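Residue numbers (the numbering used here), protein chains in the order written: chain A, 1 to 128; chain B, 1001 to 1482.
Derived by calculation from the structure, the hints in this document are not laboratory data. These figures come from a predicted structure and were not determined experimentally.
With a cut-off of at most 20 Å between alpha-carbon atoms, the simulated SDA-like pairs for lysine to any residue come out as follows:
(1) B/K1389 x A/S2
(2) B/K1477 x A/V63
(3) B/K1187 x A/E12
(4) A/K64 x B/K1387
(5) A/K53 x B/L1202
(6) A/K64 x B/M1476
(7) B/K1471 x A/E61
(8) A/K93 x B/A1472
(9) B/K1187 x A/E126
(10) A/K53 x B/D1182
(11) B/K1187 x A/A65
(12) A/K64 x B/L1074
(13) B/K1456 x A/V63
(14) A/K64 x B/R1474
(15) A/K64 x B/I1416
(16) B/K1161 x A/G54
(17) A/K64 x B/R1465
(18) A/K93 x B/A1473
(19) B/K1161 x A/E55
(20) A/K64 x B/D1468
(21) A/K64 x B/A1174
(22) B/K1187 x A/E123
(23) B/K1471 x A/G87
(24) B/K1158 x B/I1183
(25) A/K53 x B/E1201
(26) B/K1187 x A/G54
(27) B/K1187 x A/G127
(28) B/K1471 x A/E89
(29) A/K64 x B/I1411
(30) B/K1471 x A/E43
(31) A/K64 x B/G1276
(32) B/K1477 x A/E89
(33) A/K64 x B/G1170
(34) B/K1185 x A/Q124
(35) B/K1389 x A/D34
(36) A/K64 x B/V1470
(37) A/K53 x B/I1184
(38) B/K1187 x A/S67
(39) B/K1387 x A/E126
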Amino acid sequence: MSNIPAELMYTEEHEWISLEENRGKVGITDHAQDSLGDVVYVELPEVGDKIVKGEAFGSVESVKAASDLYAPVSGTVLEINEALNDGPELVNKSPYDDGWMIVVEVEDESELEDLLTPEEYEEQVEGE
Amino acid sequence: MQGIPLIFEKTKTGKEGFRLSPLEVPKVDLSETLGEDIVRDEVNLPEVSELDVIRHYTELSRMNFGVDNGFYPLGSCTMKYNPKINEEVAAMPGFTELHPYAPEEISQGTLEVMYDTQNLLAEITGMDNFTLQPAAGAHGELTGILIIKKYLEHKGEKRTKIIVPDSAHGTNPASASHGGFDIIKVKSDSEGLVDIEALKELVNEDVAALMLTNPNTLGLFEKNIFEISKILHEKGALLYYDGANLNAVMGIVRPGDMGFDVVHLNLHKTFSTPHGGGGPGSGAVGVKAFLRDFLPKPLAAQKGQMYYLDYDIPHSIGKIHGFYGNLGVVLKAYAYIKSLGAKGLKEASEIATLNASYLLKKIEDMFEVPEDILFKHEFVVSCNNWKEKFGVRALDVAKRLLDYGFHPPTIYFPLIVDEALMVEPTETESKDTLDAFADALRKIYQEAKEGPDFLKSAPHDTPVRRVDEVKAAREMKLIYEG
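This is chain B alone, in the form it adopts within the complex (with noise of 0.2 Å):
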């Protein structure tokens, strides 16, 4: 990184932020202990002081951009504003100080916050029964396809494919390949939507399922979702919920609703809590009540008075994750769920909708927008005529907007539009903030038509400038060698 000094760049020999107490037990010589082939005499550590440590970390720590210090709307991503409320929540020491090995006796305030969730995200997705377990998004979807696998099995039919829409997240048919199933792509129509017809021809006795997002990554609400659903259906295939834009329809439709047999939601999207930086986060899938039987075991439940955790699930794709999955974010998105309450969450999705449609008539006269579409969410729109007049291409768009104070949004994705910008402001940002993203864009546009060059070689004020992305990818550098 241009100007920033690795740790390892600011050895001093000799130098160390730490003092072993003295040995207490005899000395042992690890080459003859262990073997001389694995003790290595140069391990090549820096050698600093606890300051210099601090002062290193810190420095890196603020040139993080995240939602708490400003916009970010990457399309697809949903990176609302997590209350700290959630955090406040999560770190009640009821919740952190229990042992996942604790009796069930002392352990009912959890219990109760598992099961209520299970029932909360049940009665919002309008499924039946839900688990907490999966870790995230890819790994929810990876769950509700051996769901989908093992109830197929378990009825005697062998189905190989899934279909997955051409404008679909990578991550559905990844998630289906790694399931075992062959995967089939149903391209979209005019409008953005699964093409009906050519769906109608895919679907026979081999297909196990469609994945779908709706609305989809267009941001486009899949409106002939019913009927789509009745195709599925009348072949026995299933019809499965990528709840990744769960964000635009909230308490206005659900899932369970529109025909869809196994939802997985992203926890760390919709319901706010803290995502983009690895991690944990919370991949919950729903069923209908003919798939309860497959889900992974236990789910939290209540008999009388009491809760406990149900291991009587005869057909269990087993466990998919340690203990009960990653509390953490069920707890805080929980908190959000309750603080918002039936009205609140449903507004959200209206205000998340108002923005994104909002922001999209302030910049559309500058890009290439389908005409007469209605968006919920999110939007997209392409940088297509930016390149054949100014030689400026959406990757260059993103850069420059750094220099502005903005995260980019998600670009080349969907990757049914040429030179995409997609869109997602949620609903947590106020109007001064989408009029100052908006002036930013019709900036860069003046600049584009004063010359591709500036904009090419964007950003210009961040402390990293542009990354060559190619030779990172093709000539990948992981450890330092000195």
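For reference, chain A alone in the conformation it holds in the complex (with noise of 0.2 Å):
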């Protein structure tokens, strides 16, 4: 059972964002870890680099597969997280919180709306 938290929103690409005024923390959740098996590289963007919602904005490269990682809302790139660099395991063993992939500065809030609530993404990851 892969580990969802309540006060998150969710893409039905597997990647979750939190909100705090207008700061927007991205990254993949524990489903999307566990599938992908262990993390070898973590490609991200420069701070300054606008993203669009629904657009890639880098990748993760696991033992298995390289999985594009899709912006859930579009903004610029305030912070990346650089400890990826030397550590791409942190995304496996702490999807929500040292593994973190950027903050962006949400321009549209309205974008958050049709994400995925916990409860349906819960759903979407057991219907697969």
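Since each chain comes alone in its own frame, lean on the hints to assemble the complex.
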């Protein structure tokens, strides 16, 4: 049973986002890291880059596969998790905490409305 | 590697396997001539005798596993046996001793084979023209994509997107992206085929092409191919055929008749030339007549009794390989096509499909398998039930197969199937071999039932045991530092 924190919002592509004022913190879910297996490389955008909701903003490479990361929301990248450069395993160990990926300045909060609730995401994961 | 020293570790100072003749010209001080900063004193090369070198590499070569010493059901790779007559043909001095700059008058035999191969491939696939230049599958894909791009530019159309199914080979989006296109993914429906409704929504005037493998990577025939073709063509987009799975349908259906505009073939897979060791391969690309003028140049052509290289290709994307491609591979493929003939090629595909279906029936009770689905030349089963019941994953099953003397199937692909094993037995394997492989899987299933630990530490009998792939990827060491 994968861990799906109640305070986060989710995408169909298995990213999570938390919102603090207009700062959205983004990572991948516990289910995603478990399906990917051991993560060996995380490719992230640079601070200042613009990302667009629904489009790829980076990728995660595991021993099994490389997968794109999809932006849950549009905006400017404020921070990236530099610790993932040397410690990509943080994504496996702590997907919702130390394994976060980027912080983005959310321009339009209404973009968050069509994201999945924890319940909806759980339903999707169970349906897979 | 456990127990196998590196050649560097066999060094004995002063040992050597060569003698240089005495110097016949005045000695030059390298530091003076080349500059001190680029001359190294310590190069740290192994110091070993000739016999040491021979024994070392012979020992390593004996650890190789290939189709010549065992069953190799690596899905999507078509590891069929490569008949040795292919090698004989490719090694004929008339071919090997020909210089690529030799005049056409004395290169007639080679040009004829190139010309014939272009035409044979066109006939097999239902296309009009073929180039033999691309060096391998992904190179063929890029060539095809560049042809499509040039064609659209020529028409004055600005289309920026290429659609690939979520079950596609990873090379498809990579090639399209390398060619400058944005990638859109179309999802599979519950049967594992392209979702027609989703495709309809995606196709518009921005879409340059859809890249499709048929049968697809799940081993399923895209039965809606005519409708797919119509959806694309009605909006002015093209249809690209990834020929990786042609081995299922040779002589039965042709991509050209299904509506494909551009096709690449992996001659090294379907047409039986050695592969899997890094090349060389051949990714011949075929097009319908309206794209002929965009092919790489030159093409082999015929005028009267003479064969020549035709450089008159007005909108050619240019050259994509030195000279004329990997000709040795083309010669082997030619030998294979000529040996089997039309009837033989069709039979090869029939037996490839029969072998896959037979093997699936023998093992399906142990895995999660979609119901009522007819696979073609390969099939995909899921080890999800192993994971849930025994805590054993597809990776563990694959590793344990090594102990039983088999090359494992492809694992964790296609991405849309969890814990996937993708098995392609090919037509060249006997019923005995298929039975032995099924028996090995059944034994492994028993072992899994008895507890996961033994499988989690497999392989046990190979020269190198379980490799730490995570460490290898995270802490890459590419040079020997002594």
